[in-house]
Structure formats: structure tokens, C-alpha cells
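If you're matching them up, the sequences are chains A and B in order.
The numbering of the first sequence is the numbering used here, which starts it at 129 and goes up by one.
The numbering of the second sequence is the numbering used here, which starts it at 64 and goes up by one.
If you're looking for bench data, these hints aren't it; they were derived computationally from the structure.
All figures in this text were calculated on a predicted structure; none of them were measured in a lab.
All C-beta atoms in this analysis are idealised placements derived from N, C-alpha and C, irrespective of residue type, glycine included.
Wrong hints could be hidden among the right ones.
Claimed, not checked - Mimicking SDA-like on lysine to any residue, the simulated pairs with C-alpha atoms at most 25 Å apart in a straight line are:
#  : chain 1 : residue 1 : chain 2 : residue 2
1  : A       : Lys-228   : B       : Thr-83
2  : A       : Lys-228   : B       : Pro-102
3  : A       : Lys-228   : B       : Gly-116
4  : A       : Lys-201   : A       : Lys-144
5  : A       : Lys-144   : A       : Lys-198
6  : A       : Lys-131   : A       : Thr-152
7  : A       : Lys-228   : B       : Asn-125
8  : B       : Lys-166   : A       : Thr-133
9  : A       : Lys-228   : A       : Pro-168
10 : B       : Lys-166   : A       : Gln-185
11 : A       : Lys-228   : B       : Pro-124
12 : B       : Lys-166   : A       : Pro-168
13 : A       : Lys-240   : B       : Gly-103
14 : B       : Lys-166   : A       : Thr-152
15 : B       : Lys-72    : A       : Gln-136
16 : A       : Lys-240   : A       : Gln-211
17 : A       : Lys-228   : B       : Gln-80
18 : A       : Lys-228   : B       : Glu-93
19 : B       : Lys-166   : A       : Gln-136
20 : A       : Lys-201   : A       : Lys-240
21 : A       : Lys-228   : B       : Lys-77
22 : A       : Lys-228   : B       : Val-151
To be verified - Chain B residues, not near chain A, derived (Cβ > 10 Å throughout):
#  : residue
23 : Gln-85
24 : Asn-91
25 : Glu-165
Claimed, not checked - Not the full set, but computed from the structure, chain B residues with beta-carbon under 7 Å of chain A:
#  : residue
26 : Gly-114
27 : Lys-166
28 : Ser-171
29 : Leu-175
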Amino acid sequence: AQKITQTQPGMFVQEKEAVTLDCTYDTSDPSYGLFWYKQPSSGEMIFLIYQGSYDQQNATEGRYSLNFQKARKSANLVISASQLGDSAMYFCAMRAYGNKLVFGAGTILRVKS
Amino acid sequence: NAGVTQTPKFQVLKTGQSMTLQCAQDMNHEYMSWYRQDPGMGLRLIHYSVGAGITDQGEVPNGYNVSRSTTEDFPLRLLSAAPSQTSVYFCASSRTPAGTNEKLFFGSGTQLSVL
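Could you build the full structure based on these sequences and the hints that come with them?
Spelled out as C-alpha cells, the structure:
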């Protein structure tokens, strides 16, 4: 069975600082993809970044990077230079064999000015 | 581009009523799915479809029906609404069903309250 665990219900970060949102996963499939989505207060789901299980390098997308540690089964999201607009709910998700995208419970991030 | 369109955005039902949440995508995506979002539980998969005429159950299918008669549409039916079905519902699609790198495109969500 596939499982995603996000252990931080809520996080605070000072504006312009970096923050790491934790995500661990569990799967027995050798091929899988890891995703992060952002959900602002408006409710939409916004795709941020993707990491494949066979990718040799950590994924980066602008201020977002994914710290992928395969042996530890972790896929932490790092947001650099936080902005007020980064305040949102963040979901880690995994897609493996069987088509389904499985989500974690989410982490609420609040950026302080 | 419309992407994934969900209707309605808000709905209030009485216990026992039935209704259909509509979902349509204009990207010719093979894979479509329905999730519900509840506080502290993330998004949980209700039903999904890998193509027209093919549907399967997700993690929390009880009380919901789906059908996929066309590539574009994937309606979710609540047969007899219960207060436990109060939630935010998301429809999502991806280009193909098989790729582990296929990200989901989400609709804007439907906030459902069952009284």
C-alpha cells in the first residue's frame, strides 16, 4: 500500500527566510513519482514540483526545490526566500503503480512579515 | 483554456437527497478522478476512471457512484446524502493513466454541506 506522511500540521516562517516542509512516503514499487501541491485560501490546487524515483538530481522550480532522499523515503519541499503569498496549505503526494495519486494530510504554512 | 470545470461551486443538501456533481475537461485526458478533502485528512480518492467506459473504486467509494460515458465528462453521484458526506470535492484529470510522472490537473472544487 502507498502512504504519505506529513508530520507538521502547521509551520511559521519569517518573510525572506527559507523553510522546509517534511514528507515521508512508503511504497514497495520501484517506480513512482512524488508531487507537491499548494492550496491557497482560495481553495484551488496548484502543482509546484515533481520528482521521479529514478531521477538522479533533486528537482528545482524557481524558489521551490525538492530534497529527495530515496534511502530514507523522504521528499521534503524547500521554499527559499519566503513571501507572504506563500502562506497556504501544502500537500505532498505520490503516484505509483495503479494510477492513483495518494496525498498526505497537508501542512499549513504561515509567512510572517 | 477551460481545463477542468466543476459545477456547482457550492451546494447544500438535506439528508437523504440525491445529487450529481458535474466534472468536464477539455484536454482530452484519459484519466479522471474524484477526491474529497476533509480537515486533517488531506485528499482521499473516491473513484477514478482510466478511460471512457472504465471506472474503479478509490479509498472511500461508499455512498458515491460514477460513470464515464465520454472522455470529457466524469459525474459523481451522491445516492442518498448523509452528513458524513459534507466535504469539499475535487475533480482531477491527467493525460494518461499509466505514467507515474503524470501530474493531476484539478478543478476549482465543490463545497458540499449535508444538513
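Restraint outcome when Ser-171 (chain B) is required to lie within 7 Å of chain A by C-beta distance: holds (6 Å)
Are the Cα positions of Lys-228 (chain A) and Pro-124 (chain B) separated by 25 Å at most? Roughly 14 Å between the alpha carbons, so the hint for Lys-228 (chain A) and Pro-124 (chain B) holds.
Check the hint pairing Lys-166 (chain B) with Gln-185 (chain A) against an upper bound of 25 Å on the C-alpha distance. Distance of about 19 Å is within 25 Å: holds.
Given the hinted pair Lys-240 (chain A) and Gln-211 (chain A), is their alpha-carbon gap at most 25 Å? holds (9 Å)
Holds or violated: Lys-201 (chain A) to Lys-240 (chain A), with C-alpha atoms at most 25 Å apart: Not OK: Lys-201 (chain A) and Lys-240 (chain A) at ~30 Å, beyond 25 Å, violated.
Between Lys-240 (chain A) and Gly-103 (chain B), does the CA-CA distance stay at or below 25 Å? It holds: about 23 Å lies between the C-alpha atoms, which stays within 25 Å.
Can the restraint linking Lys-166 (chain B) and Pro-168 (chain A) be considered satisfied, given a maximum Cα separation of 25 Å? holds (18 Å)
Per-residue hint verdict: Lys-166 (chain B), partner chain A, C-beta under 7 Å: holds (5 Å)
Under the criterion that the straight-line Cα-Cα distance not exceed 25 Å, is the pair Lys-228 (chain A), Lys-77 (chain B) satisfied? Not satisfied, since the Cα-Cα distance of roughly 31 Å exceeds 25 Å.
Can you confirm whether the C-alpha distance between Lys-144 (chain A) and Lys-198 (chain A) stays at or below 25 Å? Violated - the C-alpha atoms of Lys-198 (chain A) and Lys-144 (chain A) are around 29 Å apart, more than 25 Å.
Do the numbers back the hint for Gly-114 (chain B), that is, is its least Cβ distance to chain A under 7 Å? violated (11 Å)
For the pair supplied as a hint, Lys-228 (chain A) and Asn-125 (chain B), confirm whether the alpha-carbon distance does not exceed 25 Å. Given pair Lys-228 (chain A), Asn-125 (chain B) holds - Cα atoms ~17 Å apart, limit 25 Å.
The structure fails hints 4, 5, 15, 17, 20, 21, 25, 26 and 29 (numbered hints given earlier, in ascending order).
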